[in-house]
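**Student:** Given the structure of chain R, go ahead and fit chain H onto it with the hints provided.
Protein sequence lines, in the order shown, are assigned to chains R and H. So the first sequence is numbered by the working numbering: it starts at 1 and just counts up by one. So the second sequence is numbered by the working numbering: it starts at 1 and just counts up by one.
Derived from the structure by calculation, the hints contain no laboratory data. Be careful, since some hints might not be right.
Using 27 Å as the maximum straight-line C-alpha spacing, the simulated DSSO-like pairs for lysine-lysine come out as follows [claimed, not checked]:
#	chain 1	residue 1	chain 2	residue 2
1	H	Lys532	R	Lys361
2	R	Lys361	R	Lys406
3	H	Lys532	R	Lys49
4	H	Lys107	R	Lys228
5	R	Lys230	H	Lys107
6	R	Lys420	H	Lys567
7	R	Lys420	H	Lys429
8	H	Lys460	R	Lys363
9	R	Lys49	H	Lys165
10	R	Lys363	H	Lys429
11	R	Lys387	R	Lys338
12	H	Lys182	H	Lys134
13	R	Lys372	H	Lys284
14	R	Lys44	H	Lys560
15	H	Lys429	H	Lys204
16	R	Lys338	H	Lys284
17	R	Lys3	H	Lys7
18	H	Lys50	H	Lys7
19	H	Lys429	R	Lys338
20	H	Lys385	R	Lys361
21	H	Lys560	R	Lys372
22	R	Lys358	H	Lys532
23	R	Lys392	R	Lys420
24	H	Lys101	R	Lys230
25	R	Lys44	H	Lys63
26	H	Lys38	R	Lys49
27	H	Lys107	H	Lys7
28	R	Lys420	H	Lys560
29	R	Lys358	R	Lys338
30	R	Lys358	R	Lys387
31	R	Lys420	R	Lys358
32	R	Lys406	R	Lys387
33	R	Lys49	H	Lys63
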Amino acid sequence: MRKVYSRILQIVGDVITVEAEEVGNQELAEINTSRGKSLAQVIKLDGNKVSLQVFAGSRGVSTGDEVRFLGHRMQVSFSDNLMGRIFDGSGIPRDNGPSLVDSMVEIGGPSVNPAKRIIPDRMVRTGIPMIDVFNSLVVSQKLPIFSVAGEPYNELLSRIAMQAEVDVIILGGLGLKYDDFLFFRDTLEEHGALSRSILFIHTASDPTVECIMVPDMCLAVAEQFAIKGKDVLVLLTDMTNFADALKEVAITMEQIPSNRGYPGDLYSQLASRYEKAVDFSDAGSITVLAVTTMPGDDVTHPVPDNTGYITEGQFYLRNGRIEPFGSLSRLKQQVNGKTREDHRTVMDTMIQLYADFKDTKEKLAMGFQMSKWDEKLLRYGDLFENKLMSLKVNIPLEKALDLGWKIMAECFSPEETGVKTEMSDKFWPKEKLAAERENREDETEEEQEEGPKTVEDLNKQE
Amino acid sequence: MSDRTGKISGINGNMIVAEFEDYVLQNEVAYAVTGEEKLKSEVIRVRGRKADLQVYENTEGLKVGDNVEFSGELLSVELGPGLLTQIYDGLQNPLPQVADKCGYFLKRGVYLNALSYEQKWEFTPESKKGDKVKAGDFLGSVPEGIFRHFIMVPFSLRDEYEIVKMAAKGNYAGKDVIAELKDKKGNIEKVSMIQTWPVKLPIKAYSEKLKPADPLITKVRIIDTLVPVARGGTYCIPGPFGAGKTVLQQITSRHAEVDIVIIAACGERAGEVVETLREFPELKDPRTGKSLMERTIIICNTSSMPVAARESSVYTAVTIAEYYRQMGLNVLLLPDSTSRWAQAMREMSGRLEEIPGEEAFPAYLESRIASFYERAGIVRLNNGKIGSVTIGGTVSPAGGNFEEPVTQATLKVVGAFLGLSRERSDARKYPAIDPLESWSKYKSVVNREHVEYVKYVLRKSAEVEQMMKVVGEEGTAMEDFTEYLKGEFIDAVYLQQNAFDEIDGATPAKRQEYVFGVLHEILKSEFTFGTKDEARHFFHGLRQEFKNWNSDPWESDAFKNREKSLKERVKKQVKDKG
Chain R
1 MRKVYSRILQ IVGDVITVEA EEVGNQELAE INTSRGKSLA QVIKLDGNKV SLQVFAGSRG
61 VSTGDEVRFL GHRMQVSFSD NLMGRIFDGS GIPRDNGPSL VDSMVEIGGP SVNPAKRIIP
121 DRMVRTGIPM IDVFNSLVVS QKLPIFSVAG EPYNELLSRI AMQAEVDVII LGGLGLKYDD
181 FLFFRDTLEE HGALSRSILF IHTASDPTVE CIMVPDMCLA VAEQFAIKGK DVLVLLTDMT
241 NFADALKEVA ITMEQIPSNR GYPGDLYSQL ASRYEKAVDF SDAGSITVLA VTTMPGDDVT
301 HPVPDNTGYI TEGQFYLRNG RIEPFGSLSR LKQQVNGKTR EDHRTVMDTM IQLYADFKDT
361 KEKLAMGFQM SKWDEKLLRY GDLFENKLMS LKVNIPLEKA LDLGWKIMAE CFSPEETGVK
421 TEMSDKFWPK EKLAAERENR EDETEEEQEE GPKTVEDLNK QE
Chain H
1 MSDRTGKISG INGNMIVAEF EDYVLQNEVA YAVTGEEKLK SEVIRVRGRK ADLQVYENTE
61 GLKVGDNVEF SGELLSVELG PGLLTQIYDG LQNPLPQVAD KCGYFLKRGV YLNALSYEQK
121 WEFTPESKKG DKVKAGDFLG SVPEGIFRHF IMVPFSLRDE YEIVKMAAKG NYAGKDVIAE
181 LKDKKGNIEK VSMIQTWPVK LPIKAYSEKL KPADPLITKV RIIDTLVPVA RGGTYCIPGP
241 FGAGKTVLQQ ITSRHAEVDI VIIAACGERA GEVVETLREF PELKDPRTGK SLMERTIIIC
301 NTSSMPVAAR ESSVYTAVTI AEYYRQMGLN VLLLPDSTSR WAQAMREMSG RLEEIPGEEA
361 FPAYLESRIA SFYERAGIVR LNNGKIGSVT IGGTVSPAGG NFEEPVTQAT LKVVGAFLGL
421 SRERSDARKY PAIDPLESWS KYKSVVNREH VEYVKYVLRK SAEVEQMMKV VGEEGTAMED
481 FTEYLKGEFI DAVYLQQNAF DEIDGATPAK RQEYVFGVLH EILKSEFTFG TKDEARHFFH
541 GLRQEFKNWN SDPWESDAFK NREKSLKERV KKQVKDKG
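Looking at chain R on its own, in the form it has when it is part of the complex (with noise of 0.2 Å):
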């Protein structure tokens, strides 16, 4: 049995500082207090003094509690047992089952060696167009979702959740609201997700250093999976709240904030969290979507900011639907040269052609006159929010390239499109090709704004 300490010198926010020795930096230890027993983490020695993080606050804490260092950092319990279970960001159950305590690991473990990772090649098929067709998400991909709050972004992620063809599901939740806490148990429970899914939840109104701890213990559990094989999703949200604790805690510490109060090494603690993401050359991968809020829908803010240079891409999500112009997936093109062989074709025309609508939009606001080719650039754009954009469209990418065809045949002929004959010729809706064939029109070249063409595009043009 290790010492027990009782000379706590100051209480200052959530972190406490007693006299102790022999003491080991980042280890844990048990308070004792009339409130019951809390976990606190040790953040700084100077000499015999010990400042520790206790994770359900500080409050009813009395300078004559016992503290009892336990000899080892933070850790979880990992089998396959946790499967279907939920617990709050110090490990404890918060579904009544019974607490786990074999084969612990310790979290927040060091880095993956860049030697063994892998390019990633395997894409991730969620149902949703905007992700499949325009930003296709890869396994092993560290995405956050951009989004102001009011926005859905708790029902796509359990949409990406239930559809993704994944092993293991962990969700993380930092600062959830109750409501969206149990709107995600349910949902994952009426999908039959639940028995593959393990839920790490931190809700608004517990002690704000348990937030600071659900990534790690996600990422650490799913890093388990992940060696033996399995393909593992990582769902947090919302990594605004894991920031604004941080910032809680550096400011308590007396930390020199850097910018609008966040601590100096937000990037950092956001990185290594993130980058646990990974496809490893012979093992499982960690695939992880983070919702980050923007602060006034301003993506200068420090959290988004800071998590856009770490994340290999960004989904924007606005006005309920997953913008795509500013949404990007990095590693898409790993991924979509080896679908179907018009899935670039379709993408990069279709974005194309919305772009065209957008200024025509512009233009039309500002009461310029419409061309033909702006009113028919407008119907486009209106099928192409209504049919593809919408969040509520669910179906799987092939039908999502048809459909793709489709909206394009309504609105204009192969080659006011730019598509190149041969794949217009293979793809483009027969019934109308047929049409249009009888009454080809005047050429609209002029019209035709070229996107990022291939060689091959180019050569086929010649």
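**Tutor:** Relative to the frame of chain R, chain H by itself:
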């Protein structure tokens, strides 16, 4: 190794305070001992009997009272044959070997030899017994891949020496003595093929530093033509996230006309390093016909690796670059990104409770950045050969705002500024270098007057575009509208490049000069159009043809035919209305 020790008296993140008895050296390497592990750290401040150390590893589990061993040496790297094709972390640990030893995860406290001490190299002497030599002079050479790797008199030797013993031609391992040197007092120095050098000091074993004059060809048109980079010069690439900084670095690392490329991935994504280290061995270097990896060294300290080692990673990289420069080679160093290094300084400065400067960056930020970029340069070596180090660093400004301290400190010391813009990358115009905001003090590969004219057209075009947003196309004069289309045309056919196209993706200097000449000629033509639609139609057609021309092999028949047809198109338009 000295036997001085100290005891830990405080721990705050990756900073520890050690109380010592004897003496300590500023910036000396020390090891914090916890159980079996020894964690590398560096003395960064001394106050009284207490030394503040930054630990290059996670400090988890360290205790007050744990031992600290001082080494008496500054943080150094090993230099010798075998550096090429390696993948190191910021402390020059070879990562593939670490993976063999420790598996999937990095393990703290594991420090392997940077270079193999067993591997034999075929040594050929270049000097003989009795020769007078000084630091940096060639003693011999070994073949290293496609290069002749010169074994030099260690840079740390200050005097003039006489060679008293010289190894014969043959196979030697890295630490075998290949020469013995005698100084004026008669002391003998034994020299092997591997030497060490402290990373934070520049290597100065050359006769003079020259002015960077010759362009370094990157084969990226917008760079070489509008904002050129010089061999031995410096440039920076600031840009918001997603604007393509790293992609531009990758393209440069593939195509740049230099002997050796050193990639320093500092605090960025591991995935990007993986792309380089998995793809480069497969890609062929058109200059040598060998794999690109043979001319590449990767130093990687990605964002989740220990923060303090980010700083050492850029210094390790530049020291290795200087080492190869000493052999008369041209080296390109690409740190990505210097902002992460600056942030690491900020974190440490905060822990030291220093008075913060702007945005909490330390006050010495500017001088550190300046002295780092100053290590670039083109030099004449003692033997008359010329070698160079060019540094092109990316900057990741918070919020994409170039007014922040790191970007501003960098702009003061670099010779070229390649600013990436969000508007251009959103419009998928790659490379997203802003042609109007960016500048360079170096010489372009094409005619200067032509460049000035093209810049004028681009500016004018941007102005007209702004105006058109207010008055619409209807309200724009035909002349202005033509200028606008010309600007768009230049952008589409010259400034933008398709990185996936083998030919368009890399344009050699000769071709740039030629094509730019043709472009200039076209722009100078007196066009008159009846209607705006006609003008647009003409330029769109011209654009399509010009883009196809960009993909035609240089000086092929297709190239010549297309050029002819392009010129005819222009002639027809000018004559029709003329």
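**Student:** Does each hint hold? Answer for all of them.
**Tutor:** Hints, one by one, checked against the model:
1. Proposed proximity of H/Lys532 and R/Lys361 is supported: the alpha carbons are some 21 Å apart, at most 27 Å.
2. For the hint linking R/Lys361 to R/Lys406, the alpha-carbon distance of about 22 Å falls within 27 Å, and the restraint holds.
3. The suggested pairing of H/Lys532 with R/Lys49 is violated, with an alpha-carbon distance near 78 Å, which exceeds 27 Å.
4. Note on H/Lys107 and R/Lys228: the hinted pairing holds, with a Cα-Cα distance of about 20 Å set against a maximum of 27 Å.
5. Using a Cα cut-off of 27 Å, the hinted pair R/Lys230 and H/Lys107 holds, with the two alpha carbons roughly 23 Å apart.
6. For a cut-off of 27 Å, the pair hint linking R/Lys420 to H/Lys567 stands: about 26 Å separates their Cα positions.
7. Between R/Lys420 and H/Lys429 the CA atoms are separated by roughly 21 Å; this keeps the pair inside 27 Å, and the hint holds.
8. In summary, the hint linking H/Lys460 to R/Lys363 is supported, as the alpha carbons are separated by about 22 Å, within the 27 Å threshold.
9. With a C-alpha separation of about 60 Å, the suggested pairing of R/Lys49 with H/Lys165 is violated against the 27 Å cut-off.
10. Proximity of R/Lys363 to H/Lys429 is assessed by CA-CA distance (about 22 Å); at most 27 Å being required, the pair is judged to hold.
11. For the hint pairing R/Lys387 with R/Lys338, the CA-to-CA distance comes to about 25 Å; that is within 27 Å, so the pair holds.
12. As the CA atoms of H/Lys182 and H/Lys134 are separated by approximately 11 Å, the hinted pair is consistent with the 27 Å bound.
13. For the suggested pair R/Lys372 and H/Lys284, the alpha carbons sit about 50 Å apart, so the restraint of at most 27 Å is broken.
14. Of the supplied pair hints, the one linking R/Lys44 and H/Lys560 is violated, its CA atoms being roughly 71 Å apart against a limit of 27 Å.
15. Distance hint between H/Lys429 and H/Lys204 is unfulfilled; the C-alpha atoms sit about 42 Å from each other, more than 27 Å.
16. Using a Cα cut-off of 27 Å, the hinted pair R/Lys338 and H/Lys284 holds, with the two alpha carbons roughly 24 Å apart.
17. For the hint pairing R/Lys3 with H/Lys7, the CA-to-CA distance comes to about 23 Å; that is within 27 Å, so the pair holds.
18. With a CA separation close to 9 Å, the supplied pair H/Lys50 and H/Lys7 stays within the 27 Å bound.
19. For the suggested pair H/Lys429 and R/Lys338, the alpha carbons sit about 25 Å apart, so the restraint of at most 27 Å is met.
20. Restraint check: the Cα-Cα separation between H/Lys385 and R/Lys361 comes to about 62 Å, which exceeds 27 Å; the hinted pair is violated.
21. Between the alpha carbons of H/Lys560 and R/Lys372 the distance comes to roughly 39 Å, so the proposed pair goes past 27 Å and is violated.
22. Simply put, R/Lys358 and H/Lys532 have alpha-carbon atoms about 21 Å apart, close enough for the 27 Å limit, and the pair holds.
23. At roughly 31 Å between alpha-carbon atoms, R/Lys392 and R/Lys420 are farther apart than 27 Å, so this suggested pair is violated.
24. Using a Cα cut-off of 27 Å, the hinted pair H/Lys101 and R/Lys230 holds, with the two alpha carbons roughly 24 Å apart.
25. Distance restraint check for R/Lys44 and H/Lys63: the Cα-Cα separation of roughly 10 Å lies within the 27 Å cut-off, and the hinted pair is therefore satisfied.
26. Proposed proximity of H/Lys38 and R/Lys49 is supported: the alpha carbons are some 24 Å apart, at most 27 Å.
27. Note on H/Lys107 and H/Lys7: the hinted pairing holds, with a Cα-Cα distance of about 24 Å set against a maximum of 27 Å.
28. Taken as a hint, the R/Lys420 and H/Lys560 pair is honoured in the structure, with Cα atoms around 25 Å apart against an allowance of 27 Å.
29. A distance of roughly 30 Å separates the Cα atoms of R/Lys358 and R/Lys338; the hinted pair therefore is violated under the 27 Å criterion.
30. For the hint linking R/Lys358 to R/Lys387, the alpha-carbon distance of about 17 Å falls within 27 Å, and the restraint holds.
31. At most 27 Å may separate the alpha-carbon atoms for a hinted pair to count; R/Lys420 and R/Lys358 meet this at roughly 23 Å.
32. For the hint pairing R/Lys406 with R/Lys387, the CA-to-CA distance comes to about 11 Å; that is within 27 Å, so the pair holds.
33. Under the criterion of a C-alpha separation no larger than 27 Å, the hint pairing R/Lys49 with H/Lys63 is consistent with the structure, at around 12 Å.
The structure is inconsistent with the numbered hints 3, 9, 13, 14, 15, 20, 21, 23 and 29, although it conforms to all the rest.
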